[in-house]
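Numbering (mature numbering (1 follows the signal peptide of the UniProt record, and there is no 0)) for the sequence shown: -22 to -1, 1 to 102.
Everything labelled a hint here was simulated from the structure, so no lab data went into it.
Be a bit skeptical, because a hint or two may be false.
Mimicking SDA-like on lysine to any residue, the simulated pairs with C-alpha atoms at most 25 angstroms apart in a straight line are [unchecked claim]:
#1 Lys27 <-> Ala17
#2 Lys96 <-> Cys42
#3 Lys72 <-> Glu31
#4 Lys30 <-> Val78
#5 Lys30 <-> Ala56
#6 Lys30 <-> Ser15
#7 Lys27 <-> His84
#8 Lys93 <-> Val29
#9 Lys72 <-> Ala58
#10 Lys93 <-> Ala38
#11 Lys93 <-> Pro8
#12 Lys6 <-> Ala53
#13 Lys30 <-> Arg50
#14 Lys27 <-> Gln70
#15 Lys30 <-> Ala58
#16 Lys6 <-> Asp44
#17 Lys93 <-> Glu80
#18 Lys72 <-> Tyr39
#19 Lys30 <-> Met45
#20 Lys6 <-> Lys67
#21 Lys96 <-> Val29
#22 Lys67 <-> Lys101
#23 Lys67 <-> Lys96
#24 Lys6 <-> Ala58
#25 Lys72 <-> Ala34
#26 Lys6 <-> Ala97
#27 Lys72 <-> Ser15
#28 Lys101 <-> Asn89
#29 Lys72 <-> Gln35
#30 Lys30 <-> Lys93
#31 Lys6 <-> His84
#32 Lys67 <-> Ala56
#33 Lys96 <-> Tyr4
#34 Lys30 <-> Phe88
#35 Lys72 <-> Leu94
#36 Lys6 <-> Lys101
#37 Lys93 <-> Lys72
#38 Lys6 <-> Gly55
#39 Lys6 <-> Arg98
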Amino acid sequence: MKIRILSSILLTGLLSAGFAQAECIYPKAPGSIPDGSTATEQEMIDGMKAVKEYNAQVTAYLSCLDMEMQARIDAAGAEAPPDQIAQIKAIQAKRHNAAVEELESHASRFNEQVKLYKARSKKS
């Protein structure tokens, strides 16, 4: 019995240490969005590349969150109380939603600048 308890404590400690090392890093949005009313074509292309890279980073982050959540559920064990599992899932959902909302907001702002850029190009 004591060995089982000690094993559980040791396993929990090792898994927690693993989470600290493999923690999902929240991606940083690109610093600025080009102003479509004054930006050059190259600045708009660079802005698009930055948004695409940010999208890839968010996608990787979301995948990491899913793996982290599953690892935490597995670490909690089959006998974990349902409220503990629900809490793990709720935390993951909040982190997931925050990242997606920030990505969508940034992409939307960039798309508005693309519209301005295209409208300016049509006038020329």
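Each hint, compared with the structure:
Taking the CA atoms of Lys27 and Ala17, the gap is about 15 angstroms. The hint holds against a cut of 25 angstroms. For a cut-off of 25 angstroms, the pair hint linking Lys96 to Cys42 is broken: about 37 angstroms separates their Cα positions. Pair hint Lys72 plus Glu31 holds up; C-alpha atoms about 23 angstroms apart against a cutoff of 25 angstroms. Straight-line distance between C-alpha atoms of Lys30 and Val78 comes to about 14 angstroms, which keeps the hinted pair within the 25 angstroms bound.
Of the supplied pair hints, the one linking Lys30 and Ala56 is violated, its CA atoms being roughly 40 angstroms apart against a limit of 25 angstroms. The hinted pair formed by Lys30 and Ser15 meets the criterion: a straight-line CA distance of about 21 angstroms does not exceed 25 angstroms. Annotation: proposed proximity of Lys27 to His84 holds, straight-line Cα distance about 13 angstroms (limit 25 angstroms). For the hint pairing Lys93 with Val29, the CA-to-CA distance comes to about 15 angstroms; that is within 25 angstroms, so the pair holds.
Only pairs whose Cα atoms come within 25 angstroms are accepted, and Lys72 paired with Ala58 is accepted, the gap being roughly 21 angstroms. Distance check on the hinted pair: Lys93 and Ala38 sit about 28 angstroms apart at the alpha-carbon level, beyond 25 angstroms; violated. Our distance criterion of 25 angstroms between C-alpha atoms is met by Lys93 and Pro8, whose separation comes to about 19 angstroms. About 29 angstroms separates the Cα atoms of Lys6 and Ala53, which puts this hinted pair outside 25 angstroms; it is violated.
This hinted pair does not check out: Lys30 and Arg50 have alpha carbons roughly 30 angstroms apart, beyond 25 angstroms. For the suggested pair Lys27 and Gln70, the alpha carbons sit about 28 angstroms apart, so the restraint of at most 25 angstroms is broken. With a CA separation close to 40 angstroms, the supplied pair Lys30 and Ala58 exceeds the 25 angstroms bound. Note on Lys6 and Asp44: the hinted pairing holds, with a Cα-Cα distance of about 19 angstroms set against a maximum of 25 angstroms.
For the given pair, Lys93 sits about 20 angstroms from Glu80 by alpha-carbon distance, which is consistent with the 25 angstroms threshold. Annotation: proposed proximity of Lys72 to Tyr39 holds, straight-line Cα distance about 13 angstroms (limit 25 angstroms). Pair hint Lys30 plus Met45 holds up; C-alpha atoms about 23 angstroms apart against a cutoff of 25 angstroms. The suggested pairing of Lys6 with Lys67 holds, with an alpha-carbon distance near 23 angstroms, which does not exceed 25 angstroms.
Between the alpha carbons of Lys96 and Val29 the distance comes to roughly 18 angstroms, so the proposed pair stays at or under 25 angstroms and holds. At roughly 51 angstroms between alpha-carbon atoms, Lys67 and Lys101 are farther apart than 25 angstroms, so this suggested pair is violated. Only pairs whose Cα atoms come within 25 angstroms are accepted, and Lys67 paired with Lys96 is rejected, the gap being roughly 43 angstroms. Taking the CA atoms of Lys6 and Ala58, the gap is about 34 angstroms. The hint is violated against a cut of 25 angstroms.
Between the alpha carbons of Lys72 and Ala34 the distance comes to roughly 19 angstroms, so the proposed pair stays at or under 25 angstroms and holds. As the CA atoms of Lys6 and Ala97 are separated by approximately 29 angstroms, the hinted pair breaks the 25 angstroms bound. For the hint pairing Lys72 with Ser15, the CA-to-CA distance comes to about 36 angstroms; that exceeds 25 angstroms, so the pair is violated. For a cut-off of 25 angstroms, the pair hint linking Lys101 to Asn89 stands: about 19 angstroms separates their Cα positions.
Between Lys72 and Gln35 the alpha-carbon distance is near 18 angstroms, which keeps this suggested pair within the 25 angstroms criterion. Distance check on the hinted pair: Lys30 and Lys93 sit about 17 angstroms apart at the alpha-carbon level, within 25 angstroms; holds. Of the pairs offered as hints, the one joining Lys6 and His84 holds, with about 11 angstroms between alpha carbons and a cut-off of 25 angstroms not exceeded. For the hint linking Lys67 to Ala56, the alpha-carbon distance of about 15 angstroms falls within 25 angstroms, and the restraint holds.
Restraint check: the Cα-Cα separation between Lys96 and Tyr4 comes to about 32 angstroms, which exceeds 25 angstroms; the hinted pair is violated. A distance of roughly 11 angstroms separates the Cα atoms of Lys30 and Phe88; the hinted pair therefore holds under the 25 angstroms criterion. Pair hint Lys72 plus Leu94 does not hold up; C-alpha atoms about 33 angstroms apart against a cutoff of 25 angstroms. A distance of roughly 35 angstroms separates the Cα atoms of Lys6 and Lys101; the hinted pair therefore is violated under the 25 angstroms criterion.
Using a Cα cut-off of 25 angstroms, the hinted pair Lys93 and Lys72 is violated, with the two alpha carbons roughly 31 angstroms apart. With a C-alpha separation of about 33 angstroms, the suggested pair Lys6 and Gly55 falls outside the 25 angstroms cut-off, and the hint is violated. With a C-alpha separation of about 30 angstroms, the suggested pair Lys6 and Arg98 falls outside the 25 angstroms cut-off, and the hint is violated.
Hints 2, 5, 10, 12, 13, 14, 15, 22, 23, 24, 26, 27, 33, 35, 36, 37, 38 and 39 from the list above are not met by this structure, while the remaining hints are.
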